[in-house]
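Here the structure of chain A is known, so what remains is to put chain B in place on it, guided by the hints.
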Amino acid sequence: MLLGPALAFSALLFSIGVVGVLIRRNAIVLFMCIELMLNAVNLTFVALAQYHGVGGQLMVFFVMAVAAAEAAVGLAIILAVFRHTTSVDLKTNTLLQG
Amino acid sequence: MADTIFMALGTIAVLSAIFCISQRNALAAAIWLVVTMLSLAGMYLILGAPFIAAIQVLVYTGAIMVLFIFVIMLLNLGEGVSDIRGPGAKALAVILGVGTATFLLRLAGYDPARLAFEVTGGTDLPPAAVFETAELARRSAEGQGVVGAIAGPLFSTYLVPFEVTSLLLLAAIVGAVVLAKRRI
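Residue numbers (my numbering), protein chains in the order written: chain A, 1 to 98; chain B, 99 to 282.
Chain B on its own, in the form it takes in the complex:
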């Protein structure tokens, strides 16, 4: 059941991504991208990451895409001339895209057993024995809840990157204000 929903959501995500890049209207493209991001949130839910699914909806669809739509409306980008490049560039782009896809789609052949085989360098251990940390994380998530299991490592192992993120966001706020203001 969960597998079927996952496949359906993935198909929706891929189709709306294709619509997003082929829509001539910038606002329609933004709305299709919102559909992609919402179905990705559903996929995260099925993959066992409910916290990431929640912040995907809050941050990506709620904040970043609203910012995009604000700017599109501020610049008044209506139905103008098509901004899609000519047939030559389009054909080249599709060839490059298909090449990237065939290269990356080799990843689709991975299952837990093969992943465990390659991570250990060719020993036939069962995946559960190789990926002990995931099992531990799952057990601690049962004990302290989904958010607790993420907050623990975030404020211990990953404390320095977390604090650096706050500096990055401060710099981004100041930079955005300086760039967007006419006169400072």
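Only chain A is shown next, with the shape it has when bound in the complex:
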């Protein structure tokens, strides 16, 4: 039931997330694109959980927990960087680029 379309939509969402990470320089928008990719993978898990049983849905549960933790720590890092350089633009934050 709807396996092909669900996988197609998740492929499209994942590619849009990849493009977003590559074309944006704002660190917060970059984070949002990463969340978009995580959501695309969640859609794959739920689509295949129709056949594999409830384990796929549990994996989505864990992905959401990890995404929440990642968002909290990542946004705290962005806040700290902003306080230091007054910018979240990745073009100006190149201290680690060597």
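Computed beta-carbon distance windows for the label pairs: (1) V41/A / E216/B: 13 to 23 Å; (2) F168/B / T86/A: 12 to 22 Å; (3) L265/B / T86/A: 31 to 41 Å; (4) T255/B / L95/A: 37 to 47 Å; (5) K91/A / V262/B: 30 to 40 Å.
Coverage of chain B stretches by chain A, computed from C-beta distances (three or more under 8 Å per stretch; other residues unrestricted): (6) 132-145; (7) 182-190.
No lab work stands behind these hints: they were computed from the structure. Nothing here was measured: the structure is a model prediction, and the numbers come from that model. Using N, Cα and C, we set each Cβ at its ideal position, and we do this for glycine too.
Positioned in the frame of chain A, the structure of chain B alone reads:
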């Protein structure tokens, strides 16, 4: 009927994701991402995962996106200079994205019969015979409700990952406080 709604929701999700990455304003991008996540919740509902749909709305749109919008407003990121990279980088990114999409879109050709064929390594069993666990899960969901069917394996088979998740969240809370506080 459900198929039509699923297609409509998927189209909305993809279109608002495209708007999300092409909006120059960070707040507008966040709102478009909320639209994507809400339509994904609807798709989960149609795919037979109402509990996941509920926590998608609660955790993703309710908690994570609110956190994003808080930070955007805290940093006062208004209409500034566009943060989208130049035409060269943009063209390269679109080429890479189209490549990823064409590679991943081969998955769209899967239906239950082909999935069963490949999982069993080339025997012509019907999908219902191959995916017995899903059938069992569906039957137990009828007996103990949607949440019960998820809670059962969560607190037996997946108990260790579940407890490790609590440690991860504790570490994330402490880490976020340490990073965001000026002076500890």
